[in-house]
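In order, the protein sequence lines correspond to chains A and B. Using our numbering, read the first sequence as starting at 1 and increasing by one per residue. Using our numbering, read the second sequence as starting at 1001 and increasing by one per residue.
Hints listed in this document are in silico derivations from the structure and should not be mistaken for laboratory results. Be careful, since some hints might not be right.
Unchecked claim - Pulled from the structure, derived: some chain B residues nowhere near chain A, Cβ distances all over 10 Å: (1) 1034; (2) 1044; (3) 1050; (4) 1100; (5) 1101; (6) 1218; (7) 1258; (8) 1261; (9) 1274.
Stated by the list, open to error - Interface residues of chain A toward chain B, partial, derived using beta-carbon atoms under 10 Å: (10) 51; (11) 54; (12) 128; (13) 147; (14) 154; (15) 156; (16) 159; (17) 162; (18) 168; (19) 239; (20) 242; (21) 272.
The beta-carbon is built from N, C-alpha and C at its ideal position, and this holds for glycine as well.
Letter by letter, the chains look like this.
2 protein chains.
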Amino acid sequence: MKCVAIGIDVGGTNISFGVVTDQGEIIYKTHSPTHQYPIPEDFVEWISQNIVKFSVDQPNVIIQGIGVGAPNGNIHSGQIVFAPNLPWKGEISLAQMLTTQTGLQTTLTNDANAAAWGEMLYGAARGCKDFLFITLGTGLGSGIVSGGEMIYGHDGFAGEVGHMILFPEGRDCGCGRKGCVEAYCSASAILLTYYELGGENVCSAQEIFNRAQQGEGLAIQAFEQTGNWLGLVLANCVAVTSPEKIILFGGLAQAGEVLLSPTIKSFENNLLTIYRNKIPIIISQLPGNDSAILGAAALAFGTKASRR
Amino acid sequence: MKCVAIGIDVGGTNISFGVVTDQGEIIYKTHSPTHQYPIPEDFVEWISQNIVKFSVDQPNVIIQGIGVGAPNGNIHSGQIVFAPNLPWKGEISLAQMLTTQTGLQTTLTNDANAAAWGEMLYGAARGCKDFLFITLGTGLGSGIVSGGEMIYGHDGFAGEVGHMILFPEGRDCGCGRKGCVEAYCSASAILLTYYELGGENVCSAQEIFNRAQQGEGLAIQAFEQTGNWLGLVLANCVAVTSPEKIILFGGLAQAGEVLLSPTIKSFENNLLTIYRNKIPIIISQLPGNDSAILGAAALAFGTKASRR
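Whole structure, please, built from the sequences with the hints as guidance.
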């Protein structure tokens, strides 16, 4: 009998469903647009159908449980709490709903934490006990591992690096405050940065990346400015947890050198001497959203047991 | 037979030596000015003499080991590393030196971490597994506990909140960079703040406190401004580790309400909604440097065993 867990990555645009072996191999994967599930009951139904379908196809497999990574997911309560980018409003007891529907034990945490677990078990942070994992997507998410343990905080809400205040009274942030890190360092923020530098009003970070690749000065500057800010933020995080490495993940991170180079330069300039020249910043190499699926599945296996 | 540990707090001005029971009672305490020990060998000799004297006086006591809290102390290496406020320069293998001289196992960590342990075992953080401990002295030190574990980082240098950059290109910091938190939120920083607000060039934070107590507007403003900055810094730290409470310690914290009130106001204003109105900021109630001695002794007992 093969032993597997279900790993689910809930995103603002897509929801991914994966079946993962206890060796960290994804043996089945599907996805669906988030907007197809205007209420969480529809989503739970879709997950349940996938599990039934998989079980019928592969009867000799034992499903150990379900792990979910979701924006504003809280590991203590199993709830998604006021996630601005999801159609489901308020507090959603998603872990409980999935368990009731499927009979499988469900563990839920925030999407960045799940992806950080995935990196620790199967990716760039393998064997690393102290690292900082940053997702640069529409917003900026983070998962922080210290001494081999995820920092969840007393209420499960640790790791909101995107909502540290970088510039008091600065840009408006989606959270209702001003000057948050994610208003400067994210795929949506770079659109504003590009515009403020004198660029056109474009609608995707990918477009700015394409222009930078074609050598457009303003687009390159927009990445440089973003890297300057990001390097400062990462240096400030290092002063708190002193990680061994930093892993960047998500769409904006895929820009590669045009972002990484100014980020590292600013990072080293802003580090206290004792931290300099020893903390690599690495871009995640796990394909697509695999780290979130893998990390979520690892939660279901029980992270301690499956850590390797 | 009574079982005790030696707890030592090394400060820039004074060194304190305490003998602590496994119940957390300080049964003997003495101190000496740091400048009396221009080389670490002199300090080790003084500690050794104290231990011998104590052992002769109380022959029925078993000394379990020595714990030391020192600026720039590193728990992994047992070294004090380039501490700007100590007479001992470079890298000092103090734990090894003490063990060689006394035959007692020695554990060394940074002074703020030792004091944070003391608060967790015997003070305001008793029973608390997630808290942020801030010392407001000449500089700003920090000890961060997450899930009941001290965050040491991969190299033992975590918890340098005083060297997060608050204002890029801001005030000169003793570390050689600009804009660090401790250049705005510390006993030495408030002298500059007071002066910049138009106050006299006074030589101690105590003097500004006295003036604030007498109702001098500029002195009160200096505390308000310091509290505004400190509240922002603490809110940013919460976004990383989501603590249950924050404990302020050290000379400047003793100012009490005149600092605490603006700090809490700014803190709440700068917090992300999910953290608001639930994280108390408390001033340490342990007398003098007892928390550092207690925490250092707890290290010697083995923190896990003595955690209660």
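Interface hint status, residue 272 of chain A versus chain B (Cβ within 10 Å): This interface hint holds because 5 Å falls under the 10 Å limit.
Residue 147 of chain A as chain B interface residue, shortest Cβ-Cβ below 10 Å: 6 Å, holds
Confirm or reject: residue 1258 of chain B is not an interface residue toward chain A, with every Cβ-Cβ distance exceeding 10 Å. Holds: least Cβ distance 22 Å, greater than 10 Å.
Hint check: is the beta carbon of residue 154 of chain A less than 10 Å from a beta carbon of chain B? 4 Å, holds
Holds or violated: is the Cβ of residue 1274 of chain B farther than 10 Å from all Cβ atoms of chain A? Violated, since 5 Å does not exceed 10 Å.
Chain B contact restraint for residue 162 of chain A - C-beta distance below 10 Å: 8 Å, holds
Let's test the interface hint: is any C-beta of chain B closer than 10 Å to that of residue 54 of chain A? Violated, because the Cβ-Cβ distance from residue 54 of chain A to chain B comes to roughly 34 Å (cut-off 10 Å).
A closest beta-carbon separation below 10 Å is what the hint needs, so does residue 156 of chain A meet it against chain B? For residue 156 of chain A, the interface hint holds, since the closest Cβ of chain B sits about 8 Å away, which is under 10 Å.
10 Å Cβ clearance of residue 1218 of chain B from chain A: Label holds. Min Cβ-Cβ 23 Å, cutoff 10 Å.
Close enough to count: is the Cβ of residue 239 of chain A nearer than 10 Å to one in chain B? 4 Å, holds
Mind checking the CB of residue 242 of chain A against every CB in chain B and telling me if the closest is under 10 Å? At about 2 Å, which falls below the 10 Å cut-off, the nearest Cβ of chain B leaves the hint on residue 242 of chain A intact, so it holds.
Please confirm whether residue 1100 of chain B is truly not at the interface, meaning its C-beta sits more than 10 Å away from all C-beta atoms of chain A. Its Cβ never comes within 10 Å of chain A, the nearest being 26 Å, so this holds.
Going down the numbered hints, you'll see the structure goes against 9, 10, 11, while the others check out.
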